[in-house]
Amino acid sequence: MSIRLRELIRSVRQAKTAAQERDVIAKESAALRGAFKEQDTLYRHRNVAKLLYIHMLGYPTHFGQMETLKLIAASGFPEKRIGYLGLMILLDERHEVLMLVTNSLKNDLQARSQYVVGLALCALGNICSAEMARDLAPSLERLLDAPNSFIRKKAALCANRVVRKVPEVIESFIDRAAGLLNDRHHGVLLAGVTLMLEICTVEPTVIPVYRQHVPTLARVVKTLLMSPYSPEHDVGGITDPFLQVKILRLLRVLGQGSAESSEAMSDILAQVATSTQAARNSGHAIQYEAVQTIMNINVDAIGGLRVLAINILGRFLGNRDNNMRYVALNTLAKVVAVDGQAVQRHRNTIVDCVKDADVSIRRRALDLVYALVNEGNIKTLTSELLDYLKVADAEFKPDLTAKVCLLVQRFAPDKRWHFDSLLRILTQAGAYVKEDVTRALIVLLTNAVDLHGYAARAMYAALASDVEGAELSLIITAAWFLGEYGELLIGDAGGPLLSREYPQVAASTSADVVSLLERVLRRPQLPATAREFLLTSLVKLSTRFADQNERIQAIIAKDRSSQGLEVQARACEYSRLFGYAQLRTQLLEHMPALDEAHYSRNVATADAIDMSTEPAAAQMSENGNVSASNKLVNADVVGDLLSMEEGTSDPAAGGASAVDLLQDLLGGGDLSNGGSFGGSGVIAQGSAAAPLVDLLGGGGDLGASLGAPQPPPQDPLAGLMGAGTPTRGSAPIAAPTRVESDPFADISGTGHQAAGPLRAPAPAPPQPTIPPRTVYDKSGVSVVFTFTKPGIPANTDITATYRNSSMHTVTDFSLQAAVPKFMQLRLDPASGNTLQPFGANSVTQQLHVTNSQHGNKPLAFRLRINFSIDGASQQDQAEVKDLPVSV
Amino acid sequence: MTIKFVLLVNKQGQTRLAKYTEQNLSVEERRALEGEIVRKCLARADKQCSFVEHRNFKVIYRRYASLFFLVGVDNDENELAILEFIHCMVETLDRFFANVCELDLMFNLEMAHFVVDEMMMNGCIVETNKQNVLAPVQLLEKGG
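Here the protein sequences line up with chains A and B, keeping their order.
When we follow the working numbering, the leftmost residue of the first sequence carries the number 1, and every step to the right adds one.
When we follow the working numbering, the leftmost residue of the second sequence carries the number 888, and every step to the right adds one.
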């Protein structure tokens, strides 16, 4: 015999540890299972009540699902009630057993007792699935006209779920929903307005039809505003704020894009905004909703109202209650796109909110500040934010840093300010600075010749003042700058101090610079990336400071036994480099100015490539230790090599930036995968890229997949090096005329073979290539699927290309796709919906598919295609199947 | 525009009532979610605002003595109105149990559910008039 519910609760409460609680529950679950098996009807409802409790505690209760169904089928009301409650809590629409309850629900919807009908409606509204919704929609329509308000309100909300699940049945509810507006009962009105809102969301074409009800809605609000105190609906001195809020929201949906409706509702909105007593929360809730409605409906019709709304928000913002400030910020963030000027007036208050003690407020305020910044106020706002960055909590810093970096990059008025701000961020919150920010800074500075000396001084000072605490991003940027422009620190080489530049910690001798880098290198637990940068920086300085040559050599030599593969390889390579004096000077010349336009373009493509070459990148990090975080390192080294190339033979290559080549390097992984490399044009930039291909070592197959690159001009370096290894393995296949110019292969010898930043990744196992497939081609309209694998075998990205070869323009083209249950599909928006005749343009759309049964079941789609051709709308279906299982 | 869940949690973080309309969460996920949210909300000071953003929910919470009422909504909901709704819920429960306390809710879990079900359905507010909410529940209590 099982215990009573109270006793169960009591014993759970007495459990002192989680383990004891688990024991109690396990014991009780076992007892319940036994009771269920014995078909114990007497205590069934008590047992289900226990299950609810156990479920709430977070333990499995699936074994009791059938019991709830039995209770629902029982005739007694208490059993039914607990049964429905169990149904709503223990089950959800994904459970197959739910189908079994459809019949009971149908019966109960026709029951004589309003309370039984109410229960059934409540359950239906909370958990019904699409099938159930379809089956039960007719009974629901009937109940919407029930004489009893208790049933009407529940039926309306139930219809809410039904139209969402089965949009086909929406027709029969459109008028009924509007009919509920004439109801006197507040609950029914509220439910009716909610249903209308849902219908507008599911089927936006209904909105114009519903606009005729604007006057009715306005009248309802007016009655609520004017009504004397009514105890049933009074909340803080306001009559039914919930209903008012809902109606205002519906007005917003109806008023959007219609001047006439906006006009019609402007009076009542003004009344709500002015005459609502804003002393209590309920009044604020209504004003808040009214403001949102005013800001969203048609502008011209209600010019003056907008000022009123902004003023209300200003009052909210000045309120001491944080809740009010939160909603004000929230609304201003939505408004800023519509009326930026009005929001600017509150700028100071908003900036203050960024410093609030409350993280919710801070986040909102930060978003808003971000939206408010423009060229005019960037300096003041950024300095405010930077001041705050110093004291912000750790939790908030990443967000703040990322936002400030973006702002600086977007609106910086001049390069010096840009550099100064980013340097401040690097010193104060270096840990949160993303790598692309530092990279962009380097690109920016190489282009500002007059700032080189200044940048070197500032970086030196920043690093010197915090050798022990400097974050990775600061170390690597400083290392880069000191390596490049270190000689400008000595004497007057860097030019005079700029205006408003104060002498800081400065280096007077070359030894100081090297010492600083050495001190940083000596830091315990220095990240490997920083070490790599510092080594590169030092080897560069060795050509600038002849007097420090031996010392630098000694420092680098220490890392030849480093445990980090990458660091070791680098140290070995650089050490060998000291044996080739002439080569070294050429190799380590100053970087050419990096092309900014080129860089920003490449950032965009590199992002795309990053996504498409995930396996290649993974491969690289395994083999060559060239992980994503090392990109900058690569840029650096590759950049150096590029400058060597330029210095010796090929001025024409000047246009190709280091970043460009970095991309080649990353792209290399892709190439050896046999995948499609979007930016192959970049690689084919011939002369500049070709040496890199050589440098990539065993890049025979790589060279081959490049097509036939222009053979580079004869490279004197090759001669210098004694032509290295003139022919190698598979290289001749690609470009037999090419002269090897692979100094590093020679220099670093086997060490280079073991590991190195320049090594090509081992070729990944060949990916099956999937030919594009035409999945639909009728009356001139064609749909072609192109498949790509983003990396994970189960995922497939499909580019659907739509064309129209007929002689009429196709408009309103849309494609819907359905997939079997084992697949998941995500559709990105299409690039357009109009197809010009004779195939003049094409529209693409991305489909992202995850196949949970990858390898067992092939992808399959059913497509529905809608379009209007020559004014006549058409609909068609197509199936895509028999794709290879490997896709 | 809908309510995703209603949670009642005591000061120790134990769930006393949970009602989800967001249904694609497994029992384990719910448990994890509750833990995270409760930790976040309980750590906040009285003066801070009653809204916390968590994952893709916005949690609106209000404290009554040792009990916290937490309501999860999507991003497009009137936060102040929900705050008012919480209060309405509390007042209704208070009237039903005559000075509601944690123990009432614990030992009459199903009654609490019935009351909340009368007020909210499928994430939307059904009824806020206390009389209308309680009438069916009380009537049946006497009869049943």
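Some clues are possibly wrong.
[Unchecked claim] Listed next, the in silico DSS-like pairs over lysine-lysine satisfying Cα-Cα at most 25 angstroms (straight line): (1) K222/A - K891/B; (2) K379/A - K434/A; (3) K397/A - K934/B; (4) K403/A - K1017/B; (5) K334/A - K891/B.
[To be verified] Covered by chain A, per the in silico footprint, the following chain B stretches (three or more residues, Cβ under 8 angstroms): (6) 993-1001; (7) 1006-1014.
[Stated by the list, open to error] Interface residues of chain A toward chain B, partial, derived using beta-carbon atoms under 7 angstroms: (8) I3; (9) R4; (10) E7; (11) Y53; (12) K165; (13) P231; (14) E232.
No wet-lab data here; the hints were simulated from the structure.
Using N, Cα and C, we set each Cβ at its ideal position, and we do this for glycine too.
These are the hints, each one checked on the structure:
1. K222/A - K891/B: 31 angstroms, violated
2. K379/A - K434/A: With a Cα-Cα distance of about 22 angstroms, the restraint between K379/A and K434/A holds, given a limit of 25 angstroms.
3. K397/A - K934/B: Holds - the C-alpha atoms of K934/B and K397/A are around 22 angstroms apart, at most 25 angstroms.
4. K403/A - K1017/B: 47 angstroms, violated
5. K334/A - K891/B: 23 angstroms, holds
6. 993-1001: holds (count 6)
7. 1006-1014: Since 6 is at least three, the answer is holds.
8. I3: 14 angstroms, violated
9. R4: 11 angstroms, violated
10. E7: 11 angstroms, violated
11. Y53: 6 angstroms, holds
12. K165: Hint violated; K165/A Cβ to chain B Cβ min 11 angstroms, cut 7 angstroms.
13. P231: Since the shortest Cβ distance to chain B is 9 angstroms, the answer is violated.
14. E232: 5 angstroms, holds
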